[in-house]
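S.K.: Below, each chain spelled out in residue letters.
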Amino acid sequence: MFENQLNNISIGQPDKIKDEKIKISINDLSSYFGKTKVIKNISLNIPEKKVVAIIGPSGCGKSTFLRSLNRMHEVVGGTITGSIYLDGEDIMKSDPVYLRRKVGMVFQKPNPFPTMSIFNNVVAGLKLNGFHNKKILSEIVEKSLRQAALWDEVKDILHRSGAEISGGQQQRLCIARTIAINPEVILMDEPASALDPISTTKIEELIFELKKEFTIVIVTHNMQQAARVSDYTAFFYVGELVEYSDTKKMFVAPGKKQTEDYITGRFG
Amino acid sequence: MNETSDLIKAYLGKKDKGKNDSPSFIKKILGNGNIGDFIFERLTLLFALLVFLLVLFMGWQMYSNSLLSIKKFGFHFLANSTWDPVSETFGALPIIFGTVVSSFLGLLIAVPLGISVAVFLSEVSPNWLEKPLSFLTELLAGIPSVIYGLWGIFVLVPWLRDIVEPFLQNEFPNSPLFQGATYGFGMLAAVIILAIMVLPIISSISRDILKSVPDSQREAAYALGATKWEVTKIVLGNAKSGLLGAIMLGLGRAIGETMAVTMVIGNSPKISSSLFDPGYTMASVLANEFTEATSDLYINALIELALVLFIITIIINILARLLVWSTERKWKLNPI
Amino acid sequence: MEIKSNMKNFNYYRRKSTNYFMISISFLSALVTLIPLIFIFYYTISKGIANLNLNFFTKLPTPVGESGGGMVNAIVGTLILIGIGGGVGIPVGILSGTYLSEFGHNKFGFLVRFLTDVLSGIPSIVVGVVAYTLVVLPMKHFSALAGGIALAILMIPTITRTTEEMIKLVPQSYREAGLALGIPKWKTTISIVLKTAWKGIATGILLGLSRAAGETAPLLFTTLGNRFWSTNVFQPIASLTVYIYEYSTSPFKDWNDQAWTAALVLILLISVLSLTFRIITRSKYKS
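Chains as they are written, first to last, in this note's numbering: chain A, 1 to 268; chain X, 1 to 336; chain V, 1 to 287.
Because the hints were derived from the structure by calculation, they are not lab data.
The beta-carbon is built from N, C-alpha and C at its ideal position, and this holds for glycine as well.
Among the hints, erroneous ones may be present.
To be verified - Not everything, but these chain A residues come out facing chain X in the computed CB check (under 10 Å):
(1) Ile17
(2) Asp95
(3) Val97
(4) Tyr98
(5) Asn133
(6) Ile136
(7) Ile140
(8) Ile181
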């Protein structure tokens, strides 16, 4: 018991993280579906404008953890204990609608709204909150699509349905839609797992660009992807945080045997 | 570039700030939820509640408007066989008799045909034939009842009167079913019309039920060398309670069917064994006499009749739905 | 060895022939079902077309004995009735259907779903009696409003259940995308979920409307019928179906013929409605 706590403290703080500004601070977070405990007492800090990757075998609670960060777990009927602070503010005490404007999310499968044009998809978050200034909206559409590296491909077909473009383009459209409301944090739930290798590369390059402006937490089952895009990596196993450290260190010299076994492909 | 993002932040920020200023009593109920969500959920709940209360309200409304008759006749309303508006004696027995007989005989024709059609649609017919056939049966179900009645009066009744009824009387001169004058209008016409009208309902619900039986059941039987008919028997066995539900839904429809029956049954409240004699059903009494009823007691008696019809169809429908749901759910919960 | 294979053959042929016999029976019953359909369409068209002319759509009914005339009041009356029915029934149906699909995963939702199905099985004449006690008795006279309310009650189950089923078909990921954009749930439901499901819901609405257009029983003692021109919702109003009933049971040949024409017009009206919904649903899975 005591040992476990010690572990938590040490793995919650990768060496370099002391120098970073903390954006999200998670303390003793547990998550439940009914009575099943999916995440077990996780504590970790997420630094600002960096990419944190969450890896681990499927069913280890990565997605549930990610969803807790903008309270999307409530949509699927989960509950949490412990605390999550965004810029020092307890997220469980704020309006989830307000929270989700600050903490956006990109899902595993591209899900553009099929009844809306590409243009309207990008500004859906603004329009549906009552923002209707046409001129500013088109500015935002161009800016967001450029940031999502999609502008050149769709600038002539902005009026077409969001469902008519390819899967990779749809996922970048979803990213554009997320950044259009100018969030501070972007959560990505295996954003490239449903895509082909070329689209995957594009998304990865995009993440590298986006971290200049946004804090990014990405869940992935692809370890090479984690190694390529992230600054810090957390390894989850059966709902527990096994190790959290600098990505380089994690993949070169993992601190725990479990991590090493997973990374070298001995299980999972 | 940054200007726009600041603008968005300011805009969304202001909106949220406004929200946090909502009155404290609302905040107390909401916690930190959203006021729009709160209203929206309650609003849709209100309408769902409305639908829920509607059924209870309908029963109450008819009960409270038939008290005169309920108090005066009590249980005799259902047991007395005299329905005479002139002497203000209202016994619904012959009417209930007519309703039960016409519905059961109608089902006797419609059930084997309907299930057989369902078997054809679900098990036998190729895809290209199934779609148009299903569409046509649904079209049959969509024809307004009054048009069936119209057709009954001018096509079915003359045919029965001139050809079928004399033929039956000649062939079976001693049968109690075929006695009396052959007008065409009467129980036989009502039975045939009901069978035609209930058939598409039974066949389309049965088809859905047969289709809900998973293919793995069929494949297992085929793999044992069964013929199509033997496989179908297994499927039918699996869907037994659902098919019973479909039949009961048909029964509910037959009991409440109004226009077509009213137009061909002859409208006379008597109990007779002959199919050629006129009869009466609860629904057709209402259709015929409601606007003519002058005294309060008469109107109350008619409303009580509607209440009885309401209760009977509700019981039948509850049983039917439970049966249909249980079958469909069986395969959803234990997909094999 | 020989005997065994003979046995097998015997059984095989018996089983085979039973198989073909039963399959033929099921095919025959499918054909038999279609006979009344053909008959009804044949008679309605052939008998109804004789009086189908412009007068029918523009003139009022003539008194007994005078030929000619039309049923413009009944056509307009039917439209007004389904308008009132839809005006009341559509919002109730859509909102309660939305509740069932988005919030109704509890015992109350189950109960409402069940009662909606039960409601759809209640005879339309009973609904007419309820509308009579609800509107006609307090107002002390027959009215289009009473009939419209009866039709609304009859439409509600269809629209509620279709709305629920159609909304359920909208993938959960669209809801999540909306919520993750910081759009409140109610707005996500209306602007994204209902909008995506809209074509399916429209199908349900049109189905409800076309069924209501063919209802007669609940109108007999609510709208009563009216031989004159009236669009006042607080007065008795004419409708095609009540005309068909009255004219077909009357002793006058002239009226009998007009009943067929009214039936044809009614079928045309319903077909136009269903055709509209077929066109709407066809474009549904385009994307």
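S.K.: Next, verify each hint and record whether it holds.
M.R.: Against the structure, the hints come out as follows:
1. Ile17: Hint on Ile17 of chain A: violated, closest Cβ of chain X at ~27 Å, above 10 Å.
2. Asp95: Where the cut-off is 10 Å and the nearest Cβ of chain X is about 5 Å from Asp95 of chain A, the hint holds.
3. Val97: 5 Å, holds
4. Tyr98: 4 Å, holds
5. Asn133: Since chain X brings a Cβ to about 9 Å from Asn133 of chain A, closer than 10 Å, the hint holds.
6. Ile136: 6 Å, holds
7. Ile140: 6 Å, holds
8. Ile181: 6 Å, holds
Checked against the numbered hints given earlier, the structure breaks only hint 1 and satisfies all the rest.
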